[in-house]
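K.L.:
Protein chains in written order, with our numbering: chain B, 1 to 320; chain Z, 321 to 879; chain E, 880 to 1136.
Derived by calculation from the structure, the hints in this document are not laboratory data. Positions of the beta carbon are idealized from the N, C-alpha and C atoms, including for glycine. Incorrect hints may appear among the rest.
Some chain B residues near chain E, calculated using beta-carbon distances under 10 Å [to be verified]:
no. : residue
1   : Val-99
2   : His-188
3   : Phe-292
4   : Thr-311
5   : Leu-313
6   : Ala-320
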Amino acid sequence: MSTLVFLEHHEGELQKDSLGVLGKAAQLDGDVSALIAGSRVEGLAAQAGKYGATKVYVADDPALEAPLPQPRVDVAADLVRRHGFDTVLFGATVLTADVAAGLAARLDAGLNWDLVDLAEHNGKLVGKRPALDDTVYVDVGWKNEPRLALIRTGTFEPVESGGEAEVEQVAVELEDFSTQAKMIEQAHEESEGPSIEDADVIVAGGRGLGGPENFALVEELAKALGGAVAATRAVVDAGWYPYSTQVGQTGKTVAPRLYIAVGISGAVQHKVGMQGSNVIVAINKDPNAPIFEYADLGVVGDLHEIVPKLTELVRQRKAA
Amino acid sequence: MTKPSDFPPPFSVSEAIAPPTDPEDERIEVGVAIVGAGPAGLACAIRLGQLLEDAPAVAERLGEVPVAVIEKGKQPGSHLLSGAVVNPRALQRLFAGRKRLDEMPFYGPVDQESVYFLTSNRAVRIPTPPTMKNHGNRVASLAELGRWLAEQADEAGAMILPETAATKLLVDHGRVRGIRTGDKGRGRDNEELPNFEPGSDVGARITVLAEGTQGHLTGAAIERFGLEGENPQVWALGVKEVWRVARPLRRVIHTLGWPLRAGAKYREFGGSFIYPMGDDLVTLGMVVGLDYRDVEVSVHDLLQELKTHRLVRRLLEGGERIAWGAKTIPEGGFLSLPKRLHAPGLLLAGDGPGFVNVPALKGIHYAIETGALAAEAAFAALQRGEAVGRRGALACYDEAVRQSFVWRDLQEVRNMRQAFGRGFWLGGALAGAMTASRGKFPPGDAGTEPDAEQELLRTDRARSYPAADGKLTFDKLSSVFLSGNKTRDDAPNHIRVQTEVPPELAELWARMCPAQVYEPKEGGVEVTASNCVQCGAITAKGGRLTPPEGGSGPEYTVT
Amino acid sequence: MKIAVCAKVVPEQARRIDPQTKRLDRSGEQALNPFDANAVEEALRLKGDGADAEVVLVSLGPERSLDALRKALAMGADRVVLVSDEAAEGSDLVASSYALARALEREQADLVLFGQQANDSDGAVMWAAVADRLRRPLISQVAELTVSDGTLRGKRQTEFGYDVIEAPLPAVVAVSDAINEPRYPSLKGIMGAKKKPQETVSLGDLGVEADHAGEAGSRTEVYAIGDPPPRGETQRIDDNGSGAEKIVEFMLQRKAL
Chain B
1 MSTLVFLEHH
11 EGELQKDSLG
21 VLGKAAQLDG
31 DVSALIAGSR
41 VEGLAAQAGK
51 YGATKVYVAD
61 DPALEAPLPQ
71 PRVDVAADLV
81 RRHGFDTVLF
91 GATVLTADVA
101 AGLAARLDAG
111 LNWDLVDLAE
121 HNGKLVGKRP
131 ALDDTVYVDV
141 GWKNEPRLAL
151 IRTGTFEPVE
161 SGGEAEVEQV
171 AVELEDFSTQ
181 AKMIEQAHEE
191 SEGPSIEDAD
201 VIVAGGRGLG
211 GPENFALVEE
221 LAKALGGAVA
231 ATRAVVDAGW
241 YPYSTQVGQT
251 GKTVAPRLYI
261 AVGISGAVQH
271 KVGMQGSNVI
281 VAINKDPNAP
291 IFEYADLGVV
301 GDLHEIVPKL
311 TELVRQRKAA
Chain Z
321 MTKPSDFPPP
331 FSVSEAIAPP
341 TDPEDERIEV
351 GVAIVGAGPA
361 GLACAIRLGQ
371 LLEDAPAVAE
381 RLGEVPVAVI
391 EKGKQPGSHL
401 LSGAVVNPRA
411 LQRLFAGRKR
421 LDEMPFYGPV
431 DQESVYFLTS
441 NRAVRIPTPP
451 TMKNHGNRVA
461 SLAELGRWLA
471 EQADEAGAMI
481 LPETAATKLL
491 VDHGRVRGIR
501 TGDKGRGRDN
511 EELPNFEPGS
521 DVGARITVLA
531 EGTQGHLTGA
541 AIERFGLEGE
551 NPQVWALGVK
561 EVWRVARPLR
571 RVIHTLGWPL
581 RAGAKYREFG
591 GSFIYPMGDD
601 LVTLGMVVGL
611 DYRDVEVSVH
621 DLLQELKTHR
631 LVRRLLEGGE
641 RIAWGAKTIP
651 EGGFLSLPKR
661 LHAPGLLLAG
671 DGPGFVNVPA
681 LKGIHYAIET
691 GALAAEAAFA
701 ALQRGEAVGR
711 RGALACYDEA
721 VRQSFVWRDL
731 QEVRNMRQAF
741 GRGFWLGGAL
751 AGAMTASRGK
761 FPPGDAGTEP
771 DAEQELLRTD
781 RARSYPAADG
791 KLTFDKLSSV
801 FLSGNKTRDD
811 APNHIRVQTE
821 VPPELAELWA
831 RMCPAQVYEP
841 KEGGVEVTAS
851 NCVQCGAITA
861 KGGRLTPPEG
871 GSGPEYTVT
Chain E
880 MKIAVCAKVV
890 PEQARRIDPQ
900 TKRLDRSGEQ
910 ALNPFDANAV
920 EEALRLKGDG
930 ADAEVVLVSL
940 GPERSLDALR
950 KALAMGADRV
960 VLVSDEAAEG
970 SDLVASSYAL
980 ARALEREQAD
990 LVLFGQQAND
1000 SDGAVMWAAV
1010 ADRLRRPLIS
1020 QVAELTVSDG
1030 TLRGKRQTEF
1040 GYDVIEAPLP
1050 AVVAVSDAIN
1060 EPRYPSLKGI
1070 MGAKKKPQET
1080 VSLGDLGVEA
1090 DHAGEAGSRT
1100 EVYAIGDPPP
1110 RGETQRIDDN
1120 GSGAEKIVEF
1130 MLQRKAL
């Protein structure tokens, strides 16, 4: 196997998620190369070696400064054709989804997305992807090469293998149509914290809170964890919290790494909006609450006592 | 003790009646407007299509859209729910020479049937009462039958308009001019949201109301045109489930007795049905008259309790619940029918006016027959070319219904339900006498009290409801989910009830409602309208269900 | 201005995968992919009252998709072009984007719009593949869109906030569901929908060769469907004062902190 991993970067740092995918690639057969595209990014190449790449291709050009997908398709396509990579991996983001799909069209190459695992079986590469609101898992594959894959955010943790990679600068040649879209104003880190759809961590509050003023407990914990605040239909109906934060059948569907449900009974209308979460912790004083059927950790107790203590402990840990 | 009728809903029928208001050039005109894509409405549309096919001159006079069917559900079938064992005679007449019985979506004829009297731990087989014999009848899912009838209606040239609620009857100078459709895109406080779309006036030469149980415009029309029957209407609430089963059921089962109580003071009239749907599916339901008095009665929970009986549990073992739903059934019978079924420009068909044979548990074939008769009457009037809005122009419809088997059947069993108001044992004896004498004995017509006028009482009935185990028994919220209900949360509240009510009334409603819309709270009751599956029970017991935004509510597929 | 909206018709509810074909069970009621309604709405807004503007829906699917696509006509779109061909069954991204690109080339639209994702495959990838085949600039995840003097300006939602991106027409834009609230079709619109032009074309009509179509033209495959790994037993604890500590321990153990 000869794998190329697309590494995304933001404000001078390689994205953790991309590095995780790089680490996974290093576990598979064959050699692993990385691609870093941007402007003034040579400094990032060294990091790629530490996380599993034996070779790093750097496409450095002012035209690549803005995080726009189409020029990156040109660079990646060129690289794949020149060096014959049979597999190209991406950690999924808004940007890489567009790059991977554009590349699939350019090379007429198969793309499987939202994968949560990759493995080799009898010489074939097989991906695992959840479907139908994470209620089934599908084994997917590629009929020929190159094989393109988008890995679901947060699937693989970076592993520092401490190696060194050979760095090669690549010439950048872009199609006319690829440079027609121009970045006028680039986004910068939001100071308010992530929206619930993008959040890695969500703390959600339900009727068990007792009143809108108690959402402060939920907000404090979310802030300490660097996460977003969500609400159930019942409390949104009652006007305690805005509809934009509602999770559930008639609200948003989320699948963060960590979902802490505070004072939520967990009826199926809520469950379908968050059952794909990686780790679910529930705090409720009712031992018969349905949420205890599917939470990973269920704590039966008074949230007014548990949540502030939890917030404090989290703050201490993070400070340390 | 309190009666639900002590707290009448904040609703007046005049809200549902209005003159046309859209400017002339914006008004939508159709030939015949049929409200409701259920068996009655669709049979009407199909029959009209058949008649218009052979009378192009009449069709032309009806304009670009000769027949329109207005349906508030997401699609035809979404709001249809019944047992059901259907007498095929009306369908055979409707499709005579066009479709055979085996081309219709039935699950097979009824071969064997059993009736049981249940106690908590026994099932005693009793002979099938003659009114309940089902030989020659077919098992069906009404939702599936509705979808199939809609396809036939579409092929017959009708325009079916789903996701459209008919909220007002357009009446001008004493005659019905059509209907007005409901607004879409209003918020919780009725404010106009960014995508607000106002309803429209739909003008029609003849309007057929086939709204089914608790018909919104039907009720308004009956009051407005003075069509009230001898007795007030009363209803039963049916809650049912469909299960995928490990072993096929090979007979139709009805049960009486447990978990209902026989004592006269409880007024718990009803029973259960268990029908096979092919080899893999079974449908079962609990039907209870809404004249019950105990605040702790919950038909949904009685169904869950029923499933714990040995007889039923065995049938469902190894199976999986795949559908749930609830709907009311008009039970007043013959004496509660409106005294006239027409008004200038208006015809009433199906469950709306109440064509249900309670002892036989049949209403679908009457809906189809009255729908077809309404079509024939409408067509005859249109063909004569006279002003259909003239008084008496549609009287031929009433004539036709009175000559039909519908009338005969209902008249024969007219006092049966009322007999059971006296309790199971006396009721049973009276019912037996009525059957044997084909309705001649006892003589006279029994009276009925509206369900909302029954005085409440309290026992500790709820104690024996099983806790939901998620495998055999289920809670209300997960059941609402299974009904496909995805009504948006910020929709306006379509349920009219007084909210400052005494605790026993709040509890009555909370338990009565299969969808957990009502919850007792300090000083009264809290209403979560978006759970509503539009069964209509609240209208029987002191409140009023009005049509919510078109397209909302349950999305039944196999009920 | 001519605006083409690429729409998909998806199963209405109770989604399940057919164990035989290993593809989504597409029987039962079909509906316009809810996210595509945002694209239709945006197209209608851009069209405004413009008599010289046209909104055409382009879709790939079986013949009966026309019923569901009519919703867009009821909302106000002018025309539907449905690419319907048995040979297209089982198309993956590579094959579908190829067919759609051919259909769009035929339309020569100034602007091609997509919705946020497909409800059935949860894919958010079609527009990038199509844009590449059409060789047109792309702006995706657009939460706000303006067009003036042949230039598009889009506010693009990313993990870091909003970018503002400009591109000249003709271009491809994928809108996010935050961009607008799709209108309810008026009754007049619903009744008039059936009369608007609805064209069905085959892959042959578009010049799509057999080896680019359906399974033959696809580069990915499905091997098996299974259950997700079990969540495992719920660990239950009763708080006796140390609940918070136990939660932290658990989160560390599960690498959630």
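K.L.:
Now tell me if each hint is right for this structure.
P.N.:
Tested hints:
{"no.": "1", "hint": "Val-99", "in the structure": "holds, 7 Å"}
{"no.": "2", "hint": "His-188", "in the structure": "holds, 6 Å"}
{"no.": "3", "hint": "Phe-292", "in the structure": "holds, 6 Å"}
{"no.": "4", "hint": "Thr-311", "in the structure": "holds, 8 Å"}
{"no.": "5", "hint": "Leu-313", "in the structure": "holds, 5 Å"}
{"no.": "6", "hint": "Ala-320", "in the structure": "violated, 12 Å"}
Checked against the numbered hints given earlier, the structure breaks only hint 6 and satisfies all the rest.
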